[in-house]
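**Student:** Residue numbers (the working numbering), protein chains in the order written: chain A, 1 to 382; chain B, 1 to 507.
If you're looking for bench data, these hints aren't it; they were derived computationally from the structure.
Mixed in with the good hints there might be a few duds.
[As the list claims (entries may be wrong)] Calculated lysine to aspartate or glutamate pairs in the DMTMM-like style (CA-CA distance at most 20 Å, straight line):
no.: 1; chain 1: B; residue 1: 246; chain 2: B; residue 2: 207
no.: 2; chain 1: A; residue 1: 230; chain 2: B; residue 2: 377
no.: 3; chain 1: A; residue 1: 364; chain 2: B; residue 2: 68
no.: 4; chain 1: B; residue 1: 266; chain 2: A; residue 2: 249
no.: 5; chain 1: B; residue 1: 330; chain 2: A; residue 2: 249
no.: 6; chain 1: B; residue 1: 420; chain 2: B; residue 2: 318
no.: 7; chain 1: B; residue 1: 420; chain 2: B; residue 2: 319
no.: 8; chain 1: B; residue 1: 341; chain 2: A; residue 2: 249
no.: 9; chain 1: B; residue 1: 107; chain 2: B; residue 2: 119
[Claimed, not checked] Which residues of chain A face chain B? A partial, calculated answer using Cβ under 7 Å:
no.: 10; residue: 235
no.: 11; residue: 252
no.: 12; residue: 257
no.: 13; residue: 342
no.: 14; residue: 364
Every residue, glycine too, gets a C-beta built ideally from N, C-alpha and C.
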Amino acid sequence: MKDVLKRIVFGKREKYWWMNALVPLISILLAFIVGAIFIKITGRSPVVAYKLLFGASGLFPGPYWKSHFAEMLLSSSMYIATGLGFAIAAKGGLFNIGAEGHFIVGGIAAAYLGYAKPFAGLPKFIHLPLIIVGVMLAGGIWGAIAGYLKAKRGIHEVITTIMLNWIALYLIEAWLVIGPMEAAVETGISGTPYISLSAKLPKILPPTRLNISIIIILAVTFLIWYLFYKTTFGYEIRTMGHTLMFGMEAPKAAGINVERRTIQTMFIAGAVAALGGAFMVLGVLFQYPPIFEGGYGFDGIAVALIGQNEPLGVILAGILIGALRTGATTVQLAHIPKTFPSIIEGFTVGFIALQMLIRYWIMKLIQGRKKSVQTEMGGGAK
Amino acid sequence: MKALEVKGIVKQFPGVLANDNINLSINKGEIYAIVGENGAGKSTLMKIIYGLYTPTSGEIFVFDKKVDIKTPYDAIGLKIGMVHQEFMLIPRFTVTQNIVLGDEPSKGIVFDYKKALNEVEELSEKFGLKVDPAEKVANLPVGIQQRVEILKILRRGAEILIFDEPTAVLTPEETEDLFKTLMKLKKNGKTIIFISHKLKEVIAIADRIAVLRRGKLQGIVERGKTSEVELARMVVGRDVVLKIPKAEAKVGGTVVSIRDLTVKSKRGIIGLKEVSFDVCAGEIVGIAGVEGNGQAELVNALIGFTRPIKGTIAFDGEEIRVITPFNIRKKGMAYIPKDRKMRGLVLPFRSRENIIMGQHTLYPFSKNGVLNNIEIDKFTTKKLEEFDVRPRDIHTRARNLSGGNQQKLILAKEMSMEHKFLLASQPTRGLDIGAMEFVYHKLIEEKERGMAILLISLELSEIMGLSDRILVLYNGEIVGETTPDKTTEEELGLMMLGLKKQKRVAQ
Ligand SMILES: Nc1ncnc2c1ncn2[C@@H]1O[C@H](COP(=O)(O)OP(=O)(O)OP(=O)(O)O)[C@@H](O)[C@H]1O
Ligand SMILES: [Mg+2]
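In isolation and in its complexed conformation, chain A is listed as follows:
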């Protein structure tokens, strides 16, 4: 059983395969400990705070569990989408800060395709897939622009993705939602019109809001995993991921079309992150509001880092962040600001950044009885 799991998750014969899971776990644990210390210092009870946080997170059974659970998965699906957006690019050696932009581009595309006339009358089983495809195309193109500029013009993707985030934001909020896409005045709606019934994501756990977004994103994650590890396309992306950042040219010398793959990788990253925005519009808001409460894109970076850029890791990290956010509002009952979970998230990422150190500690611990510490073994499957 252990062997099967290990093969599925980490590939074969990794001696310290569990290290890749243990490091994020320890980071999370440390973050909670630091969080507890903070709460204690400010004169409040960490036990009470964590009880409230987890009680309402949806992770554990308790009062109103069904609704918490639904809310958790609802937001998790968005975090997983943006997390994948970062992880996919990272696998190809690209540092994609653009998930925020992809997310809102996906949102606006979903809104438009959801209410605009020729589409709005279609039956659901045609309309919804059409929207999903349209959203992925829109996000994909937004991502591919950065990929193109990187591949053909050599402009670093961090710069272009950040710029594209702002461009998307201004295009949408300073023009589309108050201009061409604004709902008619007489409807009394601010933002875009509401999407038609046929565009709403079907619910799966009534009476809660939970819809099929979580199923869609799990399926997409599986496809991404398959793409990375089972196809020649994913293989090529991975060769790039291990070399590009260090200026190594082995993939190019082997005849891999690095430029084209860069553009394609960014397309896929954008397409998947855009799904998050669509989930928001098609399953929660049902329109694109005048001001979108953002942040999913940047939280996606944290999700990917905690999940070690691996598909399964991103799912688990996405669920964790989703749970923290779901429980966030209740911690206020313990007189702790609801931004507290973000602090936990921040510390977790901080500890992940120190992962070499954590790996070293673990190695030292397990080899404590032996005289020496062989840190160079701890490289793991990074």
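Assemble chain B with the ligands onto chain A, guided by the hints.
**Tutor:** Then chain B with the ligands, alone, in the frame of chain A:
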């Protein structure tokens, strides 16, 4: 006095016992060579002494004092310095800046460049290591860069200097210069430990030679008490035929035809000037030349890394307008790069993943874009055996292979790929003599099967022994064309330095 003593050093990597109870004792002022097969554990032992690896067990004594070396800083503190095979210099910086980096002389809080210049000049005078302190490192040939590395560690007070395969990247002339340097250092009382696969030079310069095999110390021989043949036998455990087998060329049609090829170098100047030649099926064309005389530009144009500013390259009689690595490989070119870490391998990838790179889209490795792991594993197992890559484990990551075994993995990858033309740049770099012998046989075998081979090598013996025709590159131009039976190494050497030209038969 003993400069360095190691006792019972054991280093266990997961699944590999790299050092198995090694005992060495090295005297002050000695030049001590370490030889052994690829993967014997030489680099590992040196990295332990320099604090890059911690031994599983064993003790180290420096100047008769037991020490505990945990990091390279500890090693430097104990006056141990290491010249790595990949130099750690910053190309944009001057020689002086590089040498003082990390420990700069200062006036108050300001970096005192004048003082640094003087210091470097003094240092270079003291040890007789000539460098221009104000020159940018990027503009220096490899041999001089190595000299800068040596000065850098001398400035930090190194008494024991470790060199891991210092001559692998050097031309024969540069090697001679290095050896003069080593003799000077020896005279200054420095202790030198160096690793090499070139037994001839080891015999020429070392006071004592330690032979490692499969992690164990095989024996230690004194200066003048061994021969190349005997040493070779100790290294690989069998007789090695150092002579390259001669095979008549059965020259077929032209495969690659280069006309007036002019290529800019990375620095922006013309690196290759109107070069024309053909490579035919069934022949090995050798390019002789001192490093930096147009080889890199020729290679880059052929593989599609640089676009030539003039001239044409035709493959199988068909001119290719724009060469990309993708289309030229599709036409049937295989390429053994001289820099295995930069162009040959994906270091975190396993052997099984590396070996298919470039042929991963072909059947049976994949079908409709889906990888076939069973076929990949079968193929890898077969090739690791054929090319004697150690360890045989198909799951070993390339970065955990020894230098020579990384090279073998690249050879296995490139030579098993479907091809008509092989561009081999320093194919034997870092290989032990057993592996070298194997590669020579492989190349001859390829030629007999009708492949066209372009061999670029700094080793004159390799060029002379393998080539059917020899072209000499000097300053970006072909200054001579000859055949091994019509020339000597001396004459080639002169041509390589531009001191002698030879008319070519018009193409
Ligand atoms: N970091 C590592 N992790 C696992 N195995 C390693 C590591 N470094 C080296 N090895 C293994 O230890 C053995 C000795 O390697 P080492 O690099 O010392 O060989 P070497 O004698 O320098 O060979 P070469 O002449 O090819 O450079 C090899 O089998 C190698 O695969
Ligand atoms: Mg080595």
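**Student:** If a hint holds in the structure, say so; if it doesn't, say that too.
**Tutor:** The hints, checked one at a time:
The suggested pairing of residue 246(B) with residue 207(B) is violated, with an alpha-carbon distance near 35 Å, which exceeds 20 Å. Distance restraint check for residue 230(A) and residue 377(B): the Cα-Cα separation of roughly 14 Å lies within the 20 Å cut-off, and the hinted pair is therefore satisfied. For the proposed pair residue 364(A) and residue 68(B), the alpha carbon gap of about 17 Å is at most 20 Å, so the pair holds. Proximity of residue 266(B) to residue 249(A) is assessed by CA-CA distance (about 15 Å); at most 20 Å being required, the pair is judged to hold.
Between the alpha carbons of residue 330(B) and residue 249(A) the distance comes to roughly 18 Å, so the proposed pair stays at or under 20 Å and holds. Taking the CA atoms of residue 420(B) and residue 318(B), the gap is near 14 Å; set against the 20 Å cutoff, the hint holds. With a C-alpha separation of about 16 Å, the suggested pairing of residue 420(B) with residue 319(B) holds against the 20 Å cut-off. At most 20 Å may separate the alpha-carbon atoms for a hinted pair to count; residue 341(B) and residue 249(A) meet this at roughly 9 Å.
Using a Cα cut-off of 20 Å, the hinted pair residue 107(B) and residue 119(B) holds, with the two alpha carbons roughly 14 Å apart. For residue 235(A), the interface hint holds, the least distance from its beta-carbon to any beta-carbon of chain B being 6 Å, beneath 7 Å. Taking 7 Å as the C-beta cut-off, the interface hint given for residue 252(A) holds, the closest approach to chain B being about 6 Å. Because the smallest distance between the Cβ of residue 257(A) and any Cβ of chain B comes to about 5 Å, under 7 Å, the interface hint for this residue holds.
Because the beta carbon of residue 342(A) sits about 33 Å from the nearest beta carbon in chain B, more than 7 Å, this interface hint is broken. Evaluation of the residue 364(A) hint against chain B yields a violated restraint, the C-beta minimum of about 11 Å exceeding 7 Å.
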